[in-house]
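S.K.: Sequence:
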Amino acid sequence: MEFYEKLQRLRTELHLTQEQLATQLYVSRTAVSKWESGRGLPNLESLKAISRLFSVPIDTLLSDEALPAPAVPARSRRLLSGALACIPLLIPFLPLFSRREGPLVRAVSLVSGPTLSPALCGLLTAALLALALCGILPLLLRRSDAWLRPAILTLHAGIVLLCALTRQPYATVLLFLLLLVRLSLVLHPASDKAEKGP
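The sequence shown runs 1 to 198 under the UniProt record's numbering.
Among these hints, one or two may not hold up.
Said to hold, decoys possible - Computed spacing ranges between beta-carbons, pair by pair:
| # | residue 1 | residue 2 | range |
| --- | --- | --- | --- |
| 1 | 23 | 141 | 13 to 21 Å |
| 2 | 142 | 104 | 43 to 51 Å |
| 3 | 118 | 43 | 51 to 59 Å |
| 4 | 164 | 33 | 52 to 60 Å |
FYI, nobody ran anything at the bench for these hints, they're computed from the structure. Predicted model, so just to flag it, every value in this text is computed and none were measured. The beta carbon of each residue, even a glycine, is placed where N, CA and C say it ideally should be.
Throw the hints in and build the complete structure from the sequences for me.
M.R.: Below, the structure written as structure tokens:
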């Protein structure tokens, strides 16, 4: 499979027009048209941008081999990981925490004042915000989150532990399930193949 065929396939899989692709790569539409018709190759900077945009290594783009099947799902996994990172922003507003009112225990949100001390509430809110930022940062920088994965997983596990130690069962279960989903994304073998190439 030639470069121009790969570029055309990747562009159509993302439902991009030549104009939209050209805009994202900061080149003219005629340059994209020229590349897709096999009348030329992009320069190194454009190749790097194409590689980042489609999550395909440069050597895979330039080789005669066919594109690996999971090349586009790797991008979807990164977007799913980013979406998972946004969920901790909602947790302080969901009724997942407990507040004792006499013999009753009510489910309240973190912002409405559970039984936790203000210091613990602040620590938990700051940790949830940091977790969300660590997950969103790779999307904003358009880079792989591999360099942040250990920090994200450690922080997430620490938040689960903190919720468990403070006897907040609903928050603990929800955050633990999110941690399992995040771990499955990190440990899934297809994601490594898609990011590193064949």
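S.K.: For every hint, state whether the structure bears it out.
M.R.: Right, here's what the structure says about each hint:
Residue 23 and residue 141 have their C-beta atoms about 19 Å apart, which keeps the hinted 13 to 21 Å range intact. Between residue 142 and residue 104 the CB atoms are about 49 Å apart, so this pair conforms to the stated range of 43 to 51 Å. A hinted range of 51 to 59 Å holds for the C-beta pair residue 118 and residue 43, which are about 56 Å apart. The hinted window of 52 to 60 Å between residue 164 and residue 33 holds, with their beta carbons roughly 57 Å apart.
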